[in-house]
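If you read the sequences in order, they're chains A and B. All letters in the first sequence, in the order written, are residues 1 to 126 by our numbering. All letters in the second sequence, in the order written, are residues 1001 to 1126 by our numbering.
Source of the hints: derived by calculation from the structure; they are not laboratory data. The beta-carbon is built from N, C-alpha and C at its ideal position, and this holds for glycine as well. Misleading hints may appear alongside valid ones.
Rough simulated footprint, nothing fancy, chain B against chain A, three-plus residues with beta-carbon under 8 Å [what the hints assert, rightly or not]:
#: 1; segment: 30 to 37
#: 2; segment: 49 to 56
#: 3; segment: 59 to 69
Straight-line Cα separation of at most 20 Å, EDC-like style, residue types lysine to aspartate or glutamate; simulated pairs [said to hold, decoys possible]:
#: 4; chain 1: B; residue 1: 1109; chain 2: A; residue 2: 96
#: 5; chain 1: A; residue 1: 56; chain 2: A; residue 2: 21
#: 6; chain 1: A; residue 1: 109; chain 2: A; residue 2: 75
#: 7; chain 1: A; residue 1: 56; chain 2: B; residue 2: 1079
#: 8; chain 1: A; residue 1: 109; chain 2: A; residue 2: 96
#: 9; chain 1: B; residue 1: 1056; chain 2: B; residue 2: 1089
#: 10; chain 1: B; residue 1: 1056; chain 2: A; residue 2: 106
#: 11; chain 1: B; residue 1: 1056; chain 2: B; residue 2: 1075
#: 12; chain 1: A; residue 1: 109; chain 2: B; residue 2: 1050
#: 13; chain 1: A; residue 1: 109; chain 2: A; residue 2: 79
#: 14; chain 1: A; residue 1: 56; chain 2: A; residue 2: 37
#: 15; chain 1: B; residue 1: 1109; chain 2: B; residue 2: 1089
#: 16; chain 1: A; residue 1: 56; chain 2: B; residue 2: 1106
#: 17; chain 1: B; residue 1: 1056; chain 2: B; residue 2: 1096
#: 18; chain 1: B; residue 1: 1109; chain 2: B; residue 2: 1096
#: 19; chain 1: A; residue 1: 56; chain 2: A; residue 2: 19
#: 20; chain 1: B; residue 1: 1056; chain 2: A; residue 2: 75
#: 21; chain 1: B; residue 1: 1109; chain 2: B; residue 2: 1083
Pulled a few chain B residues facing chain A out of the computed Cβ check, cut under 7 Å [claimed, not checked]:
#: 22; residue: 1030
#: 23; residue: 1031
#: 24; residue: 1054
Protein chains: 2
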Amino acid sequence: MHEARREVVIHVCVTCRREGDDPLAPRPGTRLAEALERLVPAGATLALVECLGNCKRGCSVALSSEGAWTYVFGDLTPDAAPDVVLAADLLAASPDGLMPWRGRPEPFKRGMIARIPPFPLKDAAE
Amino acid sequence: MHEARREVVIHVCVTCRREGDDPLAPRPGTRLAEALERLVPAGATLALVECLGNCKRGCSVALSSEGAWTYVFGDLTPDAAPDVVLAADLLAASPDGLMPWRGRPEPFKRGMIARIPPFPLKDAAE
Chain A
1 MHEARREVVI HVCVTCRREG DDPLAPRPGT RLAEALERLV PAGATLALVE CLGNCKRGCS
61 VALSSEGAWT YVFGDLTPDA APDVVLAADL LAASPDGLMP WRGRPEPFKR GMIARIPPFP
121 LKDAAE
Chain B
1001 MHEARREVVI HVCVTCRREG DDPLAPRPGT RLAEALERLV PAGATLALVE CLGNCKRGCS
1061 VALSSEGAWT YVFGDLTPDA APDVVLAADL LAASPDGLMP WRGRPEPFKR GMIARIPPFP
1121 LKDAAE
């Protein structure tokens, strides 16, 4: 059975750094982004962002897809790239535009920062 | 001079409650939403949401506008409605789709939770 899949944009903050991180070392957000560049599958687009505003809880990733909820995750580590891909895949496969809780990698349960309804509103009366 | 203004959607979480809140009292998020219903100006749309995923730092508001960054704010109080309208107005008037820092009501400086780039991406090469 062929299932429709959503195109997903994976936004990664490349600026994220935690207190105490070596200021001369590559930033954790940049390391996460570099790992993602090698892993992002067809149907997903990687977008590097200067700041997702989640500075207290980096590394930060936001997932957007047309007609779907937008999700922001934080408290991610630079080695989270495979989990980011799994989470993006969950959203890509979601029929209703919501990322199911079940099947989320653990960091994407603990690290949920926010979710925003699809925009533009499909029907203000809904 | 006539300036173009953006239509803004103000998403308000009506479920938000803080630890220790009276479980029988109306939820702070609902009280904020009710106050906003009386204040939302022309050019803005109020959207009540069950959960914006920012449960640790409610009350929560997300501001969306076509071609603009989406902003999520938390740690808001039920009496923040006038500040929400001011923040929405800053985004509505923004020529570049970014909410300026200057002029933001204090709770919208302290309470920034996340910001997400415009979607869909205008130009992936940018």
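Hint-by-hint comparison with the structure:
Note: the segment 30 to 37 of chain A has 0 residues with beta-carbon separation from chain B under 8 Å; the three-residue rule is not met and the coverage is violated. Only residues whose beta carbon comes within less than 8 Å of a beta carbon in chain B count, and the segment 49 to 56 of chain A has 5; three or more means the coverage holds. Evaluation of the coverage hint for the segment 59 to 69 of chain A: fulfilled, as 4 residues show C-beta separations to chain B shorter than 8 Å, against a requirement of three. Annotation: proposed proximity of residue 1109(B) to residue 96(A) is violated, straight-line Cα distance about 33 Å (limit 20 Å).
With a CA separation close to 13 Å, the supplied pair residue 56(A) and residue 21(A) stays within the 20 Å bound. Distance hint between residue 109(A) and residue 75(A) is fulfilled; the C-alpha atoms sit about 11 Å from each other, no more than 20 Å. Between residue 56(A) and residue 1079(B) the CA atoms are separated by roughly 25 Å; this puts the pair beyond 20 Å, and the hint is violated. Between the alpha carbons of residue 109(A) and residue 96(A) the distance comes to roughly 19 Å, so the proposed pair stays at or under 20 Å and holds.
Taking the CA atoms of residue 1056(B) and residue 1089(B), the gap is about 26 Å. The hint is violated against a cut of 20 Å. Distance restraint check for residue 1056(B) and residue 106(A): the Cα-Cα separation of roughly 18 Å lies within the 20 Å cut-off, and the hinted pair is therefore satisfied. A C-alpha spacing of about 9 Å is found between residue 1056(B) and residue 1075(B), which places the hinted pair at or below 20 Å, so the restraint holds. Proximity of residue 109(A) to residue 1050(B) is assessed by CA-CA distance (about 18 Å); at most 20 Å being required, the pair is judged to hold.
At roughly 16 Å between alpha-carbon atoms, residue 109(A) and residue 79(A) fall within 20 Å of each other, so this suggested pair holds. Annotation: proposed proximity of residue 56(A) to residue 37(A) is violated, straight-line Cα distance about 24 Å (limit 20 Å). A C-alpha spacing of about 15 Å is found between residue 1109(B) and residue 1089(B), which places the hinted pair at or below 20 Å, so the restraint holds. Proximity of residue 56(A) to residue 1106(B) is assessed by CA-CA distance (about 18 Å); at most 20 Å being required, the pair is judged to hold.
Only pairs whose Cα atoms come within 20 Å are accepted, and residue 1056(B) paired with residue 1096(B) is rejected, the gap being roughly 31 Å. Taking the CA atoms of residue 1109(B) and residue 1096(B), the gap is near 19 Å; set against the 20 Å cutoff, the hint holds. With a C-alpha separation of about 9 Å, the suggested pair residue 56(A) and residue 19(A) falls inside the 20 Å cut-off, and the hint holds. For the hint pairing residue 1056(B) with residue 75(A), the CA-to-CA distance comes to about 14 Å; that is within 20 Å, so the pair holds.
The hinted pair formed by residue 1109(B) and residue 1083(B) meets the criterion: a straight-line CA distance of about 11 Å does not exceed 20 Å. For residue 1030(B), the interface hint is violated, the least distance from its beta-carbon to any beta-carbon of chain A being 17 Å, above 7 Å. The criterion of a C-beta within 7 Å of any C-beta in chain A is not met by residue 1031(B), whose closest approach is roughly 21 Å, and the hint is violated. Annotation: interface hint on residue 1054(B) holds; nearest CB of chain A at approximately 5 Å, less than 7 Å.
In this structure, the hints that do not hold are numbers 1, 4, 7, 9, 14, 17, 22 and 23, in rising order.
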